[in-house]
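Undergrad: In case you want the letters, here they are:
2 protein chains.
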Amino acid sequence: MAKEITSTSEDFNKWYTDVIKKAELVDYSCVRGCVILRPYGFAIWENITGVVDKLLKKIGVENVSMPLLIPESLLRQEKDHIEGFNVEAAWVTCGGGKELSERLCVRPTSEVLFCSHFSQIIESWRDLPKLYNQWCSVVRWEKTSRPFLRSVEFHWQEGHTIHSEHEEAREFTITILNLYADFFRETLCIPFILGKKTEKEKFAGAKETYTVECMMKDGKALQSATSHFFGSKFAEVFEINFRDKNNAEKLVSQTSWGLSTRVIAAIIMVHGDDDGLVLPPKIAPIQIVIIPIFPKREEILKKSNEVFENLKNLFRIKFDASDHTPGWKFAEYEVKGVPIRIEIGPKDVLNDECVLVRRDTREKKKCFIKDLKKNLDTMFEDINKNLYLKALKNMESRIFKANSWNEMVDLLGYGGFIKTLWCGAPVCEEKVKNELGLSSRCMPLKNKITEGVCPVCGKEAITEIFWGKSY
Amino acid sequence: MAKEITSTSEDFNKWYTDVIKKAELVDYSCVRGCVILRPYGFAIWENITGVVDKLLKKIGVENVSMPLLIPESLLRQEKDHIEGFNVEAAWVTCGGGKELSERLCVRPTSEVLFCSHFSQIIESWRDLPKLYNQWCSVVRWEKTSRPFLRSVEFHWQEGHTIHSEHEEAREFTITILNLYADFFRETLCIPFILGKKTEKEKFAGAKETYTVECMMKDGKALQSATSHFFGSKFAEVFEINFRDKNNAEKLVSQTSWGLSTRVIAAIIMVHGDDDGLVLPPKIAPIQIVIIPIFPKREEILKKSNEVFENLKNLFRIKFDASDHTPGWKFAEYEVKGVPIRIEIGPKDVLNDECVLVRRDTREKKKCFIKDLKKNLDTMFEDINKNLYLKALKNMESRIFKANSWNEMVDLLGYGGFIKTLWCGAPVCEEKVKNELGLSSRCMPLKNKITEGVCPVCGKEAITEIFWGKSY
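Sequence lines, in order, name chains A and B. Sequential numbering from 1 applies to the first sequence in our numbering. Sequential numbering from 1 applies to the second sequence in our numbering.
If you are wondering where the hints come from, they were derived from the structure by calculation, not from laboratory data. Please note: incorrect hints may appear among the correct ones.
No copy is singled out in the list; a pair is fine if it fits within one copy or between any two copies.
Okay, derived cross-link-like pairs now, SDA-like style, lysine to any residue, Cα gap no bigger than 25 Å in a straight line [said to hold, decoys possible]:
#1 Lys-21 / Gln-120
#2 Lys-196 / Arg-103
#3 Lys-22 / Glu-62
#4 Lys-98 / Ser-145
#5 Lys-54 / Asn-310
#6 Lys-21 / Asn-241
#7 Lys-54 / Glu-309
#8 Lys-233 / Cys-30
This is chain A alone, in the form it adopts within the complex (with noise of 0.2 Å):
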């Protein structure tokens, strides 16, 4: 099974293509640019959603839901955010049998919703900060679309916050780009760089845009969560006011945030390889796997489902007991990316061991049932451990600093990012876009600019910036 997916080193994209097909975990839809969630791929998702859903509680967050639908009107109130969407609306204009007086935008996001709501309940300091979060899809008409990448609807959380003081909305801004940076590294193994956009790639409407760009095993960066500082600018179209501590009328600031099922192609493209998935332990639909060598022996099957019986309320634990082959069963697990096998053999059972064996490493290690559990802690951790500075190593490799134009076009081949000091000027962003088609990726929060120039015009540099071709 496992030969059917084409190699990374071959052609990295179909390799990508053909482990979401082999792994199952999406179909391709009737429906232009929509793609389904299979079992699989949705637990991974449902994992995600389970572990940031906490996160954010755990802060002070509250879930709420939002219409799907937004008035045309509504939507137009701040001009830079709807110029940012217009295209990739999707209109409803007739319902329940009749042409609408307005069309309603199927929600691309949600901004001018969480807006509308906040000024109708908003009174005083005392109801301040509101720190709102919705689980939902949304719909952008893309004109090309890949699974998990770029689709017509995709999955995701958006986050909107209110606090009485900018510095406060500037702070939350911060505390959860740190929080998307903790889940990132602790549950998916995934390496990053944090930053903030330019001015040219920040969100529609935003002041300021902080990103957490990571980088593919290509090379290539995505642009995996980002977190928006918005100031009073929306607040001042939808008047959302509120009594001070003095009695002053004052606008809140603002801001919001998003992760999307765009980790599950992070996922994918940072760990995976040429058997097909690896999948971080933490959000893994299957855990462990159990195979019982033999699987018609009824003392292996007996000793495979004690096994079981032991560690199911511990892990989420699959025993295959199925009359496949187990090397077939290998390679169907090895293509779901699964992080530990358990292999029951009929020597096993006479000594009371198990094999286990790594999807990332390949590494077997014998074990004896009585300490199964300690073995497969320990485990985990190593493979957490291993995931992350092996996607580390892969990333550092691959971030070439360049101080001149030259040594930038130089370095177009290797892949990865380039990083540089730049002036801040767009014009030179723009240079760098059109001749060497790099996208500015992020000026780093740990920013150690001391003195330079922008090897773009040579003026004065006022910051480090990494480019690099995106997804």
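Could you slot chain B onto chain A? The hints should help.
TA: Below, chain B alone, put in the same frame as chain A:
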């Protein structure tokens, strides 16, 4: 605060609207017929989905996600189905700045999408059954709207399964009906009648529809969850074939079933009273609220906090140390239906005691703090029992048996269900509808019919049936 709620006896509909607004369950949005689920309302839904999702997974149901939009041609393939939904459809006609060549319907339900997917992935009997579910929102262009009862957009779960045999599919329809029934009884403390819908009232395209029919405090019926058996009606149209064990081509047999945010309406109208919500403990966002009497006294605050810390990992609990008066807080959490309130005053601190107050019966109970956990457990059990029995008593006292047309007419004024025999003829059902204003609710699964005649036409009866006014 509680005083601002209209009493149930004065105007039940107004009471309902007051409660959902005062308890901050929803807010009206600027989108016609769509409401905003606020944190407290959405938290109830999250608790409901949490329980139901576990129950479904326990019997092998897997979650998936289908597209939000349905091409018109796909929706039109099964003619009874589209007839049922045609007038309620909302159509996307414009996307990416262009008129679409084919209209897309915002899903009112997803049978046809599941069918289209099933036909792609099913090959042999080995692939069956498929037990799928999705949590999502759907859109139906209703003319009138009332939060949780009827709205243009609402949240639900829709399950879709296919099986190799009709008998297995029909049995699964009943398995799900019983799962819903257990959920209503055990989790929501709501009694019900389980039954089969008449031909007139069944789901568009289904062969049989089963229902969980609940009675609200005002005697009106709420169809609260449904389970449909399709046989091969859709399978034929969408060509969902498989090879059976003898390698013969066969059509699958199908079911679908759903439960929506309507259950929140049921919770409100079955348990609520003149002071607001009365929430069943298992789905209450706040199960216990701790209210310090004299919150400025340090020893009271300290003791309250101690109690909170000891209980916070065992229950969903809130410690309200805000500077509102105890009286304000009592009313606030009564409106919100919090099942148990813990009061801690000066004497309590001295005696290491506290006072427990039940929302459902208003009973107060002194309790040593060291015995709190045990007392709370018992009290929650008592609340569950009391809520169920009280609602059951209301329902049973409002089910009236009628043997003749005149008896039916006489019983009209009482509000509640009228139980009669029925010959099964649609014309008799129509007559009851048109002349008495009652719709058929269901033919009970526990059908105790012996011999008798239909009170409408006098012909021989074939079933018992419940009639009622419904939401």
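Undergrad: Checking Lys-22 and Glu-62: alpha-carbon separation at most 25 Å within a copy, between copies, both or neither?
TA: For Lys-22 and Glu-62, the Cα distance is within 25 Å only across copies (18 Å; inside one copy 37 Å).
Undergrad: Indicate which option fits the pair Lys-98, Ser-145 if close means a Cα-Cα distance not exceeding 25 Å: within, between, both or neither.
TA: between (32 Å within a copy, 17 Å between copies)
Undergrad: Since the copies are identical, ignore which copy is meant and state whether Lys-21 and Asn-241 lie within 25 Å (CA to CA) inside a copy, between copies, both or neither.
TA: between (50 Å within a copy, 22 Å between copies)
Undergrad: Within a copy, between copies, both or neither: which one fits Lys-21 and Gln-120 at a CA-CA cutoff of 25 Å?
TA: between (46 Å within a copy, 13 Å between copies)
Undergrad: Classify it for me, Lys-196 with Arg-103: is the Cα-Cα distance of at most 25 Å met within a copy, between copies, both or neither?
TA: Neither: 35 Å inside a copy, 40 Å across copies.
Undergrad: When Cα atoms must be at most 25 Å apart, do Lys-233 and Cys-30 count as within-copy, between-copy, both, or neither?
TA: between (40 Å within a copy, 21 Å between copies)
Undergrad: How do Lys-54 and Asn-310 come out at 25 Å by Cα distance, when the copy is not named: within, between, both, or neither?
TA: between (27 Å within a copy, 21 Å between copies)
Undergrad: For Lys-54 and Glu-309, with the copy left unspecified, which applies at a CA distance of at most 25 Å: within, between, both, or neither?
TA: The answer is between: 19 Å across copies meets 25 Å, while 28 Å in one copy does not.
Checked against the numbered hints above, the structure breaks only hint 2 and satisfies the rest.
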